[in-house]
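Input sequences plus hints: build the corresponding full structure.
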Amino acid sequence: MALIYLLLLPISITILVVITVSRFLTSSAASKHRSPPLPPGPKPLPIIGNLPHLGKQAHISLQHFSQLYGPLISLRLGSQLLVVASSPAAAAEILRTHDRLLSARYVSTGLPYDMMELDRKAIVWASNCSNDQWKAFRAMFRNQIFSTKAIESQAAARERKAAEMVRFLEGKLGESVSIGELVFAAIFDSLSNLMLSRDCIGFESSETANRLKSLIWRMMELGTSPNLAEFFPILKKWDPQGLRRETFRCCNELYSVWQPYVKERRERRQGERYGAQDFLDIFLENGLDDDQIDWLSLELFMAGTDTNTTAIEWAMTELIRNKGAMNKLREELNAELSLPLERKSLIDESAVSRLPYLNAIVKETLRLHPPGPLMLPHRASETC
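Heads up: the sequence shown at position 59 corresponds to 127 in the working numbering, and the numbers run straight through without jumps.
Keep in mind that the hints were calculated from the coordinates and are not lab data.
A portion of the hints provided could be inaccurate.
[As the list claims (entries may be wrong)] No farther apart than 27 Å at their CA atoms in a straight line, the calculated lysine-lysine pairs in the DSS-like style are these:
id, residue 1, residue 2
1, Lys331, Lys391
2, Lys217, Lys391
3, Lys396, Lys431
4, Lys124, Lys304
5, Lys240, Lys391
6, Lys203, Lys217
7, Lys304, Lys111
8, Lys431, Lys124
9, Lys111, Lys124
10, Lys240, Lys281
11, Lys331, Lys281
[Said to hold, decoys possible] Label-pair ranges, simulated between beta-carbon atoms:
id, residue 1, residue 2, range
12, Leu150, Ala231, 42 to 48 Å
13, Gln148, Asn390, 40 to 46 Å
14, Leu434, Ser406, 25 to 31 Å
15, Lys304, Met394, 47 to 53 Å
16, Gln327, Asn395, 45 to 51 Å
17, Lys431, Ala230, 38 to 44 Å
18, Ser221, Gln309, 41 to 47 Å
19, Glu332, Gln309, 34 to 40 Å
20, Ser406, Glu332, 31 to 37 Å
21, Asn320, Glu450, 31 to 37 Å
22, Ile388, Arg435, 17 to 23 Å
23, Trp306, Ala393, 47 to 53 Å
24, Gly138, Ala231, 45 to 51 Å
Beta carbons: idealized from backbone N, C-alpha and C, even for Gly.
What follows is the structure, encoded as C-alpha cells:
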C-alpha cells in the first residue's frame, strides 16, 4: 500500500498543479470580459467548487438551495458553471421564453462519441437542437412514432404483453417472483415489439435477460456517475475513470442485441414495397443508416425501461408497506372489473382515466421516488 501511494503521489500532485493553473488562467481571462451577474448560490470552494455541497442526492440538495437562494441558483462544479431553475416560472423562462438560446444540449464527456457524431445520429443527446438532422428526427418521432394515432394503434400490443405477464404470474402461483425482473422483461419486450415486432428476452429468467438488464443498469450508472473529466475538461483526453471506454463497451454490447434484426429487415425490404409496420420500418423508410438506428434505438430503450421499472418497483414496495392503500386500490380495481357492461379479467388502457386512486398512487410514487428527478442539462448557445 505504501509503495502504491508513493507511485501515485507524483501523478496526483501533477494533476493538482495542472488543474490549479488552468483554473487560474481561465478565471483571469474571464475577468477581462465582464459578464452579467450570476444568480445567487452557495460559495464555491477553491478548485472543486460546489461539488461537496451536492451530496449523494443532488436533487434534494438543489431543492434546499432553492429555498435558501431562490428559484434560480448558480453552482460551480469544478471549472463548470451550472445554473439551476427550480420553479415553474423559472423553468418556463428557460424552456419557452428563451428556448432558442438555451435549447442546445450539454454533451457528456463520458459518451463515446463527439458532438459532430451525436448531432448526426442522436435526438436526446444531440448538442444542437436547431440543425436540419435534429429537426428531421423530431418530425419523424412526432408524426410517425409518437403521434396520437400511432400511440392508439400500439395499445393492442401493450395490452397483449400485459396479458402475457398476468398469465405468467398465474403459472407461478405459490412461487417467489422478482417484480423488478418481471416488469423489466415486460417493458423491454413491449418496446422491442413496437420496434422490431418480436420479443428480445421473454419472462423466464435467462442469461440474455440478465445480461440486458445488467447492461442497461450499468449504462444508467455510468451516465449518473461523477466524471472528473466533466468538471475539469483538461482531463477529457485521458478519461481518468475509464467511463468513456466502459460506455463504449456497453453500447456495442447493446447494439449486438438488435443489429441482426436490423440487417435481416434491411435485406428483406430490398425490392419490396409495403407500409410501415414498426419503428424499424419507419427508420428504414426515412433513410437512416445503421449507426443512426443503433443510437436512436439505444435512446428509446434507455428512456423506456429503467425509469419505468424503477417507478413500478417503488409503487409495489409502498403498497406492500401500506396495507390500507393496497386494499383501497384493490376495491377500485374490483369495481372496474365488475362493471355490468364490461365484465373482464384485465383492465385495458381506456379504463385508466376512471381509476382516480390508481392515478394518485402513480403520482405519489413519482413524488417520493422520482426515477429521473433532473432534466438533461441544457446549454446556452450564446450569452443571454
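Hints versus structure:
For the hint pairing Lys331 with Lys391, the CA-to-CA distance comes to about 50 Å; that exceeds 27 Å, so the pair is violated. Of the supplied pair hints, the one linking Lys217 and Lys391 is violated, its CA atoms being roughly 39 Å apart against a limit of 27 Å. With a CA separation close to 16 Å, the supplied pair Lys396 and Lys431 stays within the 27 Å bound. Only pairs whose Cα atoms come within 27 Å are accepted, and Lys124 paired with Lys304 is accepted, the gap being roughly 24 Å.
Of the pairs offered as hints, the one joining Lys240 and Lys391 holds, with about 23 Å between alpha carbons and a cut-off of 27 Å not exceeded. For the hint pairing Lys203 with Lys217, the CA-to-CA distance comes to about 21 Å; that is within 27 Å, so the pair holds. Restraint check: the Cα-Cα separation between Lys304 and Lys111 comes to about 26 Å, which is no more than 27 Å; the hinted pair holds. As the CA atoms of Lys431 and Lys124 are separated by approximately 24 Å, the hinted pair is consistent with the 27 Å bound.
With a CA separation close to 19 Å, the supplied pair Lys111 and Lys124 stays within the 27 Å bound. In summary, the hint linking Lys240 to Lys281 is supported, as the alpha carbons are separated by about 21 Å, within the 27 Å threshold. Only pairs whose Cα atoms come within 27 Å are accepted, and Lys331 paired with Lys281 is accepted, the gap being roughly 23 Å. The hinted window of 42 to 48 Å between Leu150 and Ala231 holds, with their beta carbons roughly 46 Å apart.
The given range of 40 to 46 Å is respected by Gln148 and Asn390, whose C-beta atoms sit roughly 41 Å from each other. About 29 Å separates the C-beta atoms of Leu434 and Ser406, a value consistent with the hinted range of 25 to 31 Å. The hinted window of 47 to 53 Å between Lys304 and Met394 holds, with their beta carbons roughly 50 Å apart. At roughly 48 Å, the beta-carbon separation of Gln327 and Asn395 lies within the given 45 to 51 Å, and the hint holds.
Lys431 and Ala230 have their C-beta atoms about 21 Å apart, which leaves the hinted 38 to 44 Å range violated. Separation of Ser221 from Gln309 is about 44 Å and conforms to the stated range, judged on CB atoms against 41 to 47 Å. At about 38 Å, the CB distance of Glu332 to Gln309 agrees with the hint of 34 to 40 Å. About 46 Å separates the C-beta atoms of Ser406 and Glu332, a value inconsistent with the hinted range of 31 to 37 Å.
The hint said 31 to 37 Å for the Cβ distance between Asn320 and Glu450, and at roughly 36 Å that hint holds. Separated by about 18 Å at the C-beta atoms, Ile388 and Arg435 satisfy the suggested range of 17 to 23 Å. Between Trp306 and Ala393, the C-beta spacing of about 51 Å keeps the proposed range 47 to 53 Å intact. At about 50 Å, the beta-carbon gap between Gly138 and Ala231 stays in the expected band of 45 to 51 Å.
The structure fails to meet hints 1, 2, 17 and 20 from the earlier list, while all remaining hints are met.
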